[in-house]
Amino acid sequence: MTITISSSPASPASPWRQRLTSWTPVLLIAPSLGASLIYVFGFTLWTLWISLSSSTLLPQYDFAGLKAYFELWSSQRWQIAYGNLLIFSVVYVAAAMAVGLALAIAIDQRIRAESGWRTIFLYPLAVSFVVTGTVWSWLFSPDAGIEFLVHQLGFADFEFRLTTHRETALYAIIVTGIWHSSGFAMALFLAGLRSIDPDIVKAAMVDGASPARTYRKVILPQIAPIFLAVAVVLLQYAIKTFDLAVALTKGGPGISTTFPAMAVYDFMFQRGQIAVGAAGAIMILAAVALVLVPYALYSAWHARKEGAR
Amino acid sequence: MTLAIAIPAGQAEARRAWWRHVSSRTAIYAFLTVFALLYLLPVFVVIANSFRPLPEITQYGLIWWPRSFRLGAWAEAWSHTCVVGTCAGVQRNFYNSLLMTIPATIISTLLGALNGYIISKWRFRGSEMLFAFMTLGVFMPPQVALLPWAYILGKLSLTNSVAGLILIHVVQGISFSTLFCRNYYVAIPDDLIKAARIDGAGFWRIFYRIILPLSPPILIVTVIWQFTGIWNEYLLGMVFTSGRAQPITAALVAMGTAGQEAAQFDVMSSAVLIAALPPLLIYFFGGKYFVRGLTLGAIK
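Just so you know, the protein sequences line up as chains H and C, in that order. Per the numbering used here, residue 160 is the first one in the first sequence, and the count goes up by one each step. Per the numbering used here, residue 790 is the first one in the second sequence, and the count goes up by one each step.
Same shape as in the complex, but just chain C:
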């Protein structure tokens, strides 16, 4: 806390206060700088090494200033590197992640908006209690769901498919999206809905004309939260898919395990960046909403 120092004491006093101010400022910036460097070190390492030739990495280590520049590792990671036997790069796994994340995000967000609207504005007997049960899904450890999902995916012939993962993420995701949207819609005055009803507006008209136009902030928060969570998920993708059907997180771990002896740090760095890029882009462009989602998620 900076103190306003306006004491008409001697000059020595004023100089001492000024020194104290300067030294505390320096300490604060030094502290922040040290931590910022620690936080940025991993990004620096992957970005730099995705452009450095492998012999250079082996000679100087991962943490060293780049001396040469090449794009080869990116091409190698994208279309040639071997992921458990198939040597066609991580592009397929990247597409799998996109094909899984985008539909699952859209479906769970839309259902969440609809459910939140019903629970907050069309209450029926027991709806509050059912909502409370629904939100318990937010806390479920995925381990409890592994065997039941294995059985259900088997029955639906969705094992080892992106569609199966979409189903899982939608069912898990609606707890979150319903919770987010319901808590947001509760703040919309009921009188607004009542007035619309008296004017003859029905369920869908109120949804399209009143609720949705007020929704962009919460929908953006929900989309960012779901996209990041589903894209970054590993356990379910690893358990329920294999080989070519795996999302990128699972492929990355598989690559790391396979190349144990001679680590291909250049190609792996590019693959890591490809896997990290979509959520990072969302973070940099939607930062405000990302932080809001964190706070909402924490308060739950």
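Chain H extracted, bound-state conformation:
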């Protein structure tokens, strides 16, 4: 229902005052709208323009075509970052969802002190990536962390040093990311499990289906949309990964755990290659769009299908 913004019939105010009243909402929202539109479109176009220019240390508003993009994609730093992002996205999203789902199913078994368990699994979300990365970097450190503990317990040959090797450092970030985000997946899955009609579950049980089979065939298919929503949110986190890797490994050893967001920062503010950095930023935006646009289209299509029923 739309309320027209012509002046209200009851007020006997003067005409200019009436007009002012009718414009109040528009005038009040104008600054916010203006700022948001500049932020979304203005900033994107601005960065896009710089990415097409030949800017180095300072922005230059000329046109150099796709030069910066070629430079970006041929730089080793970006290739490593991009490869890391692919591995990280797949493993982190899949594992965080698996852990979250397992926790949600376990919590859904009418356990004691349910809210206590939930509080434990959810608190990492209130902790910043910087704090998370800092503390886990200690736990991974061979001189004081988990390896040191196991040595103390008497197993002198034990080795656990993910962060000191180029091949494994990425997995330290993945483990930490899972620690941080699986509670989020758990919360959404649990909400989904609680929304299922218990009669359907009872019917499956009466038919003799085992609990595992009931989950696989009856319960989980019903919360399929939640899987998609969780995956989309976590993928966005993955694409924007910056703080966690900076605090945990600083991109190292070497540049083995660098991420696209870190490469962009590096090009823009450390190496004075603004155009290349801007090109990287546009690529990150494209990755986010690649995840969100199909999801938005699917959601709209799904909503229409549900509405038509």
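A few of these clues could be false.
[Unchecked claim] Have a look at the derived ranges for each label pair, beta carbon to beta carbon:
#: 1; chain 1: C; residue 1: 875; chain 2: H; residue 2: 176; range: 51 to 61 Å
#: 2; chain 1: H; residue 1: 384; chain 2: C; residue 2: 803; range: 24 to 34 Å
#: 3; chain 1: H; residue 1: 324; chain 2: C; residue 2: 802; range: 51 to 61 Å
#: 4; chain 1: H; residue 1: 324; chain 2: C; residue 2: 829; range: 19 to 29 Å
#: 5; chain 1: C; residue 1: 875; chain 2: H; residue 2: 465; range: 32 to 42 Å
#: 6; chain 1: C; residue 1: 944; chain 2: H; residue 2: 215; range: 18 to 28 Å
#: 7; chain 1: C; residue 1: 820; chain 2: H; residue 2: 353; range: 40 to 50 Å
[Unchecked claim] Facing chain H, according to a computed beta carbon distance under 10 Å, are these residues of chain C, among others:
#: 8; residue: 851
#: 9; residue: 880
#: 10; residue: 881
#: 11; residue: 1023
#: 12; residue: 1038
#: 13; residue: 1044
[What the hints assert, rightly or not] Pulled a few chain C residues facing chain H out of the computed Cβ check, cut under 10 Å:
#: 14; residue: 887
#: 15; residue: 931
#: 16; residue: 1076
No lab work stands behind these hints, which were simulated from the structure alone. For every residue, glycine included, the Cβ atom is placed at its ideal position computed from N, Cα and C.
With chain H fixed as given, assemble chain C onto it according to the hints.
What follows is chain C alone, placed relative to chain H:
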């Protein structure tokens, strides 16, 4: 799923069912306990080590039962430790974070409530489309905004200032807060507003008398979401401020990088806790609303 077992079969059958029940319960609690320990390990480590003397940490490692207790590391972290050259503790950075987070949270939440009210109850031509554009801000990767912000902050002489960070967080935050509030206010019946208008109530009267009294739940969710997000933000604080003007997240990373050789785990543990405490307190006291914000944020 627990099954009610009331089959009048033999005793052996009943005993087997009971065993199955007990073993599955044990498995569930064992699974949850293992994960709970993993989740609590980092908190245990920072809390314990903020009270342990450094020689003890070096000797027994970070993960070991505390043998002695001292508060010195907290005082050191708060007022003496060195953050990039200045040795006056993290208190300044803590205050910077507060000075940045509190105004940015209040302003973006109030604007969000006002915008949500206008978009849901005072629709005008094109308002729905403009709202859709506004919500795109929620998804913007911050990297795209770095160069434009650098330019704008430079023009406004707000570089290296808390005020500049407030501006950035307000502009980014109104996408979120408007979205949250609009989706909440849409559920308030339009007839209520219409009736108030017929009684002669204007824009502000309806806002104060009808919308705001119905708003506490969504305002709490928005405040918690914004506070946690802005407090924990790192990239923008690190890029646009340096040294004494940095928020605590940026200071923490700077400290970690500086003390690479001889890690001061005791002082760092206290600093980490100081940085983590405000959002954690909000989580423990506003847990219900925190979870609701998560769900709202996910559905978007």
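Evaluated hints:
Taking the beta carbon of each, residue 875 of chain C and residue 176 of chain H are about 56 Å apart, inside 51 to 61 Å as hinted. With their beta carbons about 41 Å apart, residue 384 of chain H and residue 803 of chain C fall outside the hinted range of 24 to 34 Å. A hinted range of 51 to 61 Å for the beta carbons of residue 324 of chain H and residue 802 of chain C is consistent with their spacing of about 55 Å. Evaluation of the 19 to 29 Å hint for residue 324 of chain H and residue 829 of chain C yields a pass: the beta carbon distance comes to about 27 Å.
Taking 32 to 42 Å as the suggested C-beta distance range, the pair residue 875 of chain C and residue 465 of chain H does not conform, at roughly 58 Å. Under the hint 18 to 28 Å, the C-beta atoms of residue 944 of chain C and residue 215 of chain H, about 21 Å apart, fit the expected range. Hint check: residue 820 of chain C to residue 353 of chain H, Cβ distance near 20 Å, so the stated range 40 to 50 Å is violated. Because the smallest distance between the Cβ of residue 851 of chain C and any Cβ of chain H comes to about 5 Å, under 10 Å, the interface hint for this residue holds.
The closest approach between the C-beta of residue 880 of chain C and any C-beta of chain H is roughly 17 Å, which is over the 10 Å cut-off, so the hint fails. The beta carbon of residue 881 of chain C comes no nearer than 17 Å to any beta carbon in chain H, farther than 10 Å, and the hint placing it at the interface is violated. Evaluation of the residue 1023 of chain C hint against chain H yields a held restraint, the C-beta minimum of about 4 Å falling below 10 Å. Contact between residue 1038 of chain C and chain H, as hinted, is supported at the beta carbon level, the nearest pair being about 4 Å apart and thus within 10 Å.
Annotation: residue 1044 of chain C was flagged as interfacial toward chain H, and the flag holds, the nearest CB pair being 9 Å apart, inside 10 Å. A hinted interface residue such as residue 887 of chain C counts as satisfied when its beta carbon comes closer than 10 Å to some beta carbon of chain H; here the least separation is about 15 Å, so the hint is violated. The restraint placing residue 931 of chain C at the interface with chain H holds, with a minimum CB-CB distance near 7 Å, inside the 10 Å limit. Evaluation of the residue 1076 of chain C hint against chain H yields a held restraint, the C-beta minimum of about 7 Å falling below 10 Å.
Violated hints, listed in ascending order, are 2, 5, 7, 9, 10, 14; each of the other numbered hints is respected by the structure.
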